[in-house]
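K.L.:
Use the sequences and the hints to build the structure in full.
Chains as they are written, first to last, in this note's numbering: chain A, 98 to 498; chain B, 758 to 952; chain C, 5 to 268.
Hints listed in this document are in silico derivations from the structure and should not be mistaken for laboratory results.
Heads up, some of the hints might be wrong.
Listed below are the simulated EDC-like cross-link pairs for lysine to aspartate or glutamate, each with C-alpha atoms no more than 16 Å apart in a straight line [claimed, not checked]:
(1) B:K922 - B:E803
(2) A:K427 - B:D862
(3) A:K427 - A:D391
(4) C:K141 - B:E803
(5) A:K427 - B:E868
(6) B:K922 - B:E881
(7) A:K427 - A:D332
(8) B:K922 - B:D795
(9) A:K427 - A:D448
Every value quoted in this text rests on a predicted model; they were computed, and no experiment measured them.
So the chains spell out like this:
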Amino acid sequence: MHRRLVASVLAAALILPQHAIAAGTEEAVPAVPAFAGAYQPQDSDERGLWAEQDEQERTLRESDRVVRDAELNAYVRGVLCRSVGQERCNAVRIYIVRAPMFNASMAPNGTMRVFTGLLLRAHDEAELASVLGHEFAHFELRHGLARYRARRSGSDLAAWSAVFGAVAIAFSGAAYTSSGTGVAIYGDVMRFERAQESAADRLGFGFMAASGYRPHSAADVWRAVMDEADQTALDRGRRSQRYDNTAFFASHPTSLDRATALDALAEANPGGDYTGVDPHRAAIAPHLAQFLADELALNDFGGTDFVFQRLAAQGRSAPILFARGELHRKRGNPRDLANATAFYHEALELDPAHAEAWRGLGLAQMRSGNTIEGAAALKTYLERVPDAADAPMLRVMIGEQ
Amino acid sequence: MKRVIAGALALTLVLAPTSAIAHRLMAAGTAAQVARSDLTVTPGIEWNRLSQRPGPMAERWTLDGELLNDLIFFGGVESGTPLFREVDRRDNPLPQFSSTMLPTDIPPLLETSLRITQNISTFEVVRVAPRPFLGASGVEFEYRMLGGDDITRQGRAVAAIVGGKLFMITYDAPAEYFFARSSADVDRIIASATL
Amino acid sequence: MLRFFAPLALCVVSLAATGISQPALAQERSAVRHDLAADTFTQARRILVFRPRIRVGEQSTGGMFEPRADWTELARSTMATALRDRQALYGNVLVEAPEAYGEQARRLDEYMSLFGATASSIITYQFFPGNRLETKKADNRAERFEWSLGPGVSQLPGAADADYGLFIFTEDQFGSTGRKVLQVFAALGGVSVQSGVHAGYAALIDLRTGNVLWINADFQMGGDVREAEGAARRMEQLFEEFPIAATVAPPAVVPPAAPAAGSQ
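P.N.:
This is the structure we're talking about:
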């Protein structure tokens, strides 16, 4: 039986295709190394980095941005532990952070941040597992520390060239701002080198092979995220450049070769068949409306539309239709308003009690100039939510008609 | 427009002057035209106008520094333009005002603009109500937000669309102590606004 | 009349023999609340010490801060000893802020951030030339110093048992070898490169009203905080213009440290 193992997260490198394909077809399944026990920092660089991140974790722990729901946390921890094994899992503290980004990151001191944007974009448990496993691989391979050292020498070079350039300005340098709460909550952006991404992929594949998850899930989630980035760029009239914003991405354009390379890696490393679509959807369902609303804050029509469409393909649901309506209404062109109206109608067909959809419908129609229908819809909304924050304004908008 | 970022006891090295033009004193009881427009207000106490404009049609006043009290005037933002100066037009463009916007579209416009320019992470609109402003039927709204410096701020704003352009006054300050402290002074300024 | 402030203007450190002109920048400044009663600090008062923000590390050639946990741990303990010794001179009793969790911790974090914003505003808009607000300049001329965090501080964990709150922040970036070499090289070429950061501020607030009673900001401090002597010197600099006169009789519990010789 030919099984396929898929890497958890897309490797950065253009060298990956030859390197990985060659390695994948020639070598056996990368064996997951035996767990050596809880890791402690080895040298002063590492101790310093851990101390900084321990401080950040204190702030993170108390932040309002952390989702504390017990069931969701249990689900995510379950996926990680299943993916990397219980022994490794014990060393990790997981924080689910509300941010509409496809991201998970792991700090060298064992703090794992899982962003809600990732939970929303992952189609199933296997896709989530692939991403978490890849991040954990970076942690196990101690890439964070190497990255920190590499960045330091990168800025050293810049300092010297500034002096050589004989520019007579006081050189202040770029301070490493690890003290900002933004960094504490959202984590430092780690850009890994190609070789590191490759190595994390290999270990990540190893985890997937050992845990029974469907291997091609990594390629799938990656393809979707790359496509999303393309849509963002398209909408903004640019070439796709969104890859440098998250832990997984490096600044390379989409390439069919890369997706192919991942599939090839998957071919070479057998795994299981388990995807876990239903458990994933069940875990997300209570939070879906909030995650969708967070996406709207991005002001990224192309990307968000893509994410919503992919979700819609899973099946008709009122929250998703409502979110699509909101997205179009926010952009507000005449055609957008017409589309929004259609989405709201559809949402209300499925769930006539969706109060916010009545509000969206009413506002879309008002802005289109259909004041009678708009007023009627807003009236329905106000009957359901008489103490809404904008009720006073809406009442006047209706009354004026 | 850049706020001096202060985390928990983060030290900002402010050794070098950040602007060549000094901040101007806005005298009490003296009418002042703001935001390069016909919008005129009369403060009841002395305020300071910061030298750096947050946007081409905007102006910023403060008492103790914009982190502690932040009063922004928008004087005639045109349809198809953003509220603030773009931070990163390519990768993070600001939303644009449109003259077809409903009064209820103004809070989301401000919210998204603040998210991008000031790294606001949570933003909650608490109240939206009609209010006559500058001779038009305007809107006023109140909000709460969590800033990139991890301080919770309260805000309020009054806006009206006049001649297809947006005129707005926003005020925000830390919810603890500072917002309430200058609320009455801001009320007076808003009440004095004319076009 | 209480002294208002003692500004100290220092030039940016420059090794350039050619005399590259750098603007003279004030590096250190302090202020005391203008309406403090003369007898405010005559009796021993309890001071709640909020967890000091101490960062010690190296500054790489490129100016990047490299944290050193062992240096920071060391500094934390030397500074704690130095603080205790220093405070003993004033006859005050230090109360360490209790560990807080949940809602209380969030409130404390909020106030720490709020204090950071306040200190930053004082430093930017009242203390140092270049950015001062006109109203604050007027305050300076009238010897008025009026900043407050508001009475909400009285609800902070530990505030019920203390009269004042003390904030301390220091950051030390020791120029690494690379940075020092860069500095010398640059100086030969007539470019000034600052090596090392030794900056900080300390402030005392009234835990009933939230008023900032005293703040001292210094961007060029001496003393190697990793050593006991250096920490003592650092503490001395942080406490310049502290509104309490040193008394001779310390509380019986704490053995008095050798009094610091003179000021500055």
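K.L.:
Against this structure, judge whether each hint is valid.
P.N.:
Okay, the hints, checked on the actual structure:
1. In summary, the hint linking B:K922 to B:E803 is not supported, as the alpha carbons are separated by about 29 Å, beyond the 16 Å threshold.
2. In summary, the hint linking A:K427 to B:D862 is supported, as the alpha carbons are separated by about 8 Å, within the 16 Å threshold.
3. Distance hint between A:K427 and A:D391 is fulfilled; the C-alpha atoms sit about 14 Å from each other, no more than 16 Å.
4. A hinted pair counts as satisfied when its Cα atoms are at most 16 Å apart, and C:K141 with B:E803 qualifies at roughly 13 Å.
5. The suggested pairing of A:K427 with B:E868 holds, with an alpha-carbon distance near 12 Å, which does not exceed 16 Å.
6. Between B:K922 and B:E881 the CA atoms are separated by roughly 25 Å; this puts the pair beyond 16 Å, and the hint is violated.
7. Only pairs whose Cα atoms come within 16 Å are accepted, and A:K427 paired with A:D332 is accepted, the gap being roughly 15 Å.
8. The suggested pairing of B:K922 with B:D795 holds, with an alpha-carbon distance near 12 Å, which does not exceed 16 Å.
9. For a cut-off of 16 Å, the pair hint linking A:K427 to A:D448 is broken: about 22 Å separates their Cα positions.
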